[in-house]
Amino acid sequence: MKLKTIWFVTTLLFSVMAIGQITVKGKVSDSKKEPLVGVNVILKGTTIGSITDINGNYSLNVPNKQAEIEFSYIGFNTKLVKVEANTIINVVLESSDNNLDEIVVIGFASVKKSDLTSSIATVKGKELKTMTVGNAAESLQGKAAGIQVVNSGGPGSVPKVLIRGISTINLSTDPLYVIDGIPMGTNINFLNTNEIESMEILKDASASAIYGSRASNGVILITTKRGKKGETTFNFDTSYGIQFMKNPYHMADAEEYATIFNTAAVASGLPAEFGDPASYRGKSTDWWNAGIRERAAVRNISFGLQGGTEKHTFAVSLNYYKQDSFYEKGGWEKFTSRISSDYKFSKKISAGYSLNPRYESYGNPGNWADFDRIDPITPIYKPADQLTGDENEFSIYARSPSYVWNPVALVKRFKSKTKNYALATNGYIQITPVKGLIIRSQGSFELNSNISDNFNPDFIIDVAHESQLINSLSRSTNLTRSWSIQNTATYMKTLGEKHDFSLMVGNTAEEYNGANLYGSIQALPNNNDNLQELNAGTLNPKTYGTSYTNSIMSYLSRLTYNFDSKYYLTATYRRDGSSKFLANNKWASFPSASFAWRASNEKFMSDVSDVLSDLKFRVGWGKVGNQNLPASVYLSKLGQNFYTFGDQVVNTTYPSAVPNKDIKWETVEDINAGVDFGLFSNKLSGTIEAYRKTTENMLFQKSYPNYSGYPNDARIWSNVGSMRSQGLEFSLSYKNNVGDFNYGANLNFTNTNVKMIKLSAANEQLFGFGEKTLTVENDEPGYFYGYKADGLFQNQFELNSHTNNVGVFLQPNAKVGDVRFTDVNGDGILNADDRTKIGSPWAKYTVGLNLNASYKRFDFLANIYSSIGNDLVNQNKNELYNALSRNNKISGLSDLAWHGEGTSTSIPRLSQTDNNQNFSKFSSYYVEDGSFVRLKNIQFGYTINNKMGFDKIRCSLSGQNLLTLTKYSGVEPEVGGDVLGFGFGGWNYPVQKTILFGLNVTF
Amino acid sequence: MKKIFLSIITITLCIISSSCSDDFIVHDERGTQTLDNYFSTTQECQTFVNDLYKRAFLHYDWYQLIPGRLANETATDDAWMGNTGQNASGMIPAAQYLMTANNMGYLSDLFKTRYENIGGCNVAIEGITKSTISEVQKNQYLGESLFLRAYNYYDLVNNFGGVPLALSPLGTGDLNLERATKEEVYASIEKDLLMAADLLKPSYAGSDKGRVTKWACYALMARVSLFQEKWAEAETYSSKVITEGGFSLESNFLSIWNVKNHNGVESILESQTSSDPAQQLGNILSTFTGARGESKDNFPSLSAGDVMDGWGWCTPTSDLENCYLSENDVVRRRSTITVSGDAAYGDETNNPTHIWDIRQSKSGRIIRKFYIPVATRRTLVSTFGNAPLNLPVLRLAEMYLTRAEANFHLAPGKAMADVDIIRNRVGLSPKSGKVSGDNILRAIWKERRMEFAFEGLRLFDIRRQIDPGTNKPVIASLMGPSGTFVLYNTTLSTDKNETTNLKELQDKGTNFDINKNLLWPIPQSEIDRSGGMINQNPNY
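Top line first, the protein sequences correspond to chains L and E.
Taking UniProt numbering, the leading residue of the first sequence gets 1, the next gets one more, and so forth.
Taking UniProt numbering, the leading residue of the second sequence gets 1, the next gets one more, and so forth.
The set of hints was computed from the structure by calculation and includes no laboratory data.
Zero decoy hints are in this set.
In silico DSS-like links for lysine-lysine, alpha-carbon gap of 30 Å or less:
(1) L/K129 x L/K246
(2) L/K82 x L/K44
(3) L/K815 x E/K503
(4) L/K382 x E/K296
(5) L/K788 x E/K112
(6) E/K112 x L/K661
Take these sequences, add in the hints, and give me the full structure.
Printed below as a string of structure tokens:
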């Protein structure tokens, strides 16, 4: 009742005041002449105001001609206009990506960008939306400094995201994703780019320490779209694209294959394998074209609506994404939807919720490389005379003498699909009992059901080698339930106008439960689709299953203080307990502190404010943790198996895991210093930052000597030492316009140095990736460790002179045309002691460049990403150049490989024996420069406003990954891997070129 | 309204604060037993020990122990790599003496697998010793664990020489071992075996058949004594098994390899197989060495169910066949070797002309010992992984030939009597009195070769046997550029298969180097992981 009375009186007052006033009308649009909806239009110095409608129009009564009207809108520079004699005032607002009043989400709170004290990069949803990708993280690449995204390709795969390099060796390096305040793990495949309002990347520990235990790889906060008050708007977005699957190699045809193997056999003292190679001319099997489609479609359709009133706002989005397979089978499909509602019950109480049901299905054969690897002489089908007529449809395929299974047959048999049904929901209540105090309670619950079906039909291509004598079926289901509760209380107070304080305290609890069930059975009566259920099987039913729980609980607090918007201080403290550690090590504390000085607000800077519009210095320190290791590594687990006694099968148990009872948190200590600046009214703005991250008690699955008797190749989770990564990053943005021509550029640059500063024992050596990488103190972790290849022996003289000082051959099995290895330590023997550092997988610099321009209805953007200074191991050299394996070789190998003095300095002679270990020694022969520059995205758009009853129609044409420049000769220079196996390229799924047509309609 | 919200918040806060105890963050892994408080019941002890057997032999597994064992056969004069249709890079390092510490082919897993089993034995020995189960059971399980530990070390010391000696569960802080000497390893083996022999029963019945008996301990004791040239002990223990063990020679040599004759009268210890399709517990050797490219058209039944195609690796040499032929030893020749086109010995009705694709076979021969008869093939749900052929580990015949060799050094006059017992079983005439001097020793060795071909002894034998003529290991006269085996293949042989299928190099063994190849290298990964505490074998 009270409220109503107040409203009534206020309205009455305004009505009275309105008499004798001037009514000003107009339209507010952006620089592209698009109307801006919901712009605040306020009479300066009062609370009198209005907002623009769907067409950008407003109307406002002002008392006199001296009045000034203030137009303000998030993401745009505020504009002040004097009324004077005008009754129609049309305003164009300048958009500002660096608007310092922009609100940035920082975890359990949000602040104005100008008030930030730590290193946080923001990427807006509309920037992400310019690419059509299955995983939103993919489109982050090159958008902000300090973020490296390595695409792993393949439908449904998760790109690897590195924030400021790596801080751990063996654990996942993926950042923590927090969506609308709820920690959601390390994979956001379920999120559609269209649902994202903004992404905030918390790069330094002073920013991320509030997420304590899981923040050591950085945190990405994602804010989804919520409703805004005003008329309901509808948005329809669709894109249709074609991905191109180009064969990364040109493989030998049958004639060439026969020639290569004949040469190799004769060179090895073996008889030529094939008769006249020319007789194979025209008889090649073109495997690639037989099984890989050159093009596959990718579609994205989104529909969104949002709107609301003063009291209730809502947003709904429905999204469908489908990526076709390059095979005859498979694909990736997902449907996501998000419904959110926010209620303002009173000035004191507000609440909201969101619901996010989703469905995802995927399953792809994944054997694309086999289409290159299998020999070209083997036909796809068995020749007629080898068929008996009783084969089933899966047994008519031919077998290759290589170890590669017939890939066409494999795709034919493929029947495997994973379906994922999930419902995530979260809600909050916020209460402001007294001015300045906000109590917020937020809870989330997520249910996720994963069902994987797998059917293997029986077939006999070759009884002992390529067959499944009994058909089999399996189904696994995994139901996970997770919930979290977060309670915070924040008190804000301004003392004496200039002292702003806020204090937040809170606690959180998170629990992850899962239960899985796996069943398999054999001998279904036939391979018919309708029998493909466990019920139909007749032999060897098996079931497995377990349930698990992980939990974390935390207490957190944050204090901020700012004096006169010049000096800022933020301090946080979080204490986390995790179920992954034993009692003594369960709890750890994660403090942080940061300080900023906004120099541009100082009086003495006002003289230069025309040039230097913004200048801020920041320093921060913080500690974060990592507990992302498997559960219960402190337990000595037993596995179960079977043996036979007296012709009876008996149970057996064996040690399957050796415990580490001392396992404790890995912590990362981080120091960050930065300068933010804006020049010429922020036309040019940028940030320069330096950081140093030190990881202590690094968690690592360490390889102990096998004589320890430990299972799993004697690898145990251990805290092994300290690592430091430090670097410099800057980002620079410029934007300007010449008349209707607007243009802008953003350049970001990151340089990282990673170094192992301490290991748990003196002179310790940590080997990785089959002892192909080494990690020692005071050097990069996981550097490539092997022999130094020093070209090829070109002639007998070179071969004869490769001896030690008493004339003994260093490589007794070498022949002319083989690789010469260097006796690195000069002891006259070539052995394991001659292995040395032969490369580093870590990029020295990563650079992203984003360009955009628009002219009237046309717009353009381009995004270029580059990684410079890293090495890659091209493991495919073995398979493609080494005639020991019978897999197909690259076309032209006869000429490329050494076949006489001076014919090659790098690819050794063809041989079927490899007695000199040209290929089986891991050497610098495999190491290549892995730098690359890639045009990630280029897009042209055309916009029509207010036509055909629509507010806006925009069409766009874009190309993704159209151009890549690299010296790397392997499939794909964007190579992931865990830290000690980073940079080992092989048959990585190639990142595909994609051409997309997009349509966006707002009404 | 307000009240409702406030109460919700209050309740939430209560939930949180009530779970503030550490209980909320205590969750151990479920559904798995742990070693804490394990070994408290007889069943637990037994189940754990059962697995030690499984991992000591791994006869069903194609990549950990079995291929290394076969690669060892190809490093002798008994076997070719055999399969000439496929990439042989797993076999080449051993077969062609090109092994390096980073390229060990099929032998790369042996070291790791043996030690993992030793680790299990050590856990069992410690746990069972402390256990409160009955003394009788305790003795048995301890005895079994001790024997299996010894067996693993026996294999390690013969492949690699002196190795680190781990005799109790090691913590991560204990991993600073160096290599023990060969003598120290053997001393530990002997100690374990003798202790086990005291603890173990002489025999088992029914569902315990296949467990280690005290005779198995003595039999392995006889073998390691022989290998160490401890002639008196070798004689003592082999005699003990022969006279007290209650074993007898199978009257039909082929019965040792009969799928229906598990744990037969001659068997001292066998690795136990099962055709139960639910678990793959069959003998993988049947597939690994089986004839490659069988066709149903070559079976009288013309039925696809008779085909059990194999991988065709490790095929017998004509040199081995000649060895039998030189003695007119039909039974053991045909029980050991099938030449393509001949009847499968003992399976003549169902497989009168065992034919396979000899274009992919170096020697056109396969190992008969691991052959699965057609009648059995028909009963198997899957021929792959389910072949119910037990794999002999120790059998009585070895004791006779061990005693013979020991006696050659102790009482030469008695030596040939034991040889003749073995010869008699396969219908060969006695040799006693027909050989003399060092030729007695050579006759015993020849008998060992013919009797135990493909039973995992040949490489160890030719490494340890010191030829009285040259005073060098026998292997040195067989292998190397002027080795008799190498010269036979490169200059003398007229074998129609081996000399026409040249897709496997004819000069196998020519790279043998006496200065390094009496042992295999320690895997480089082990040296790396030990931080250099473990040394490499000479010249690798």
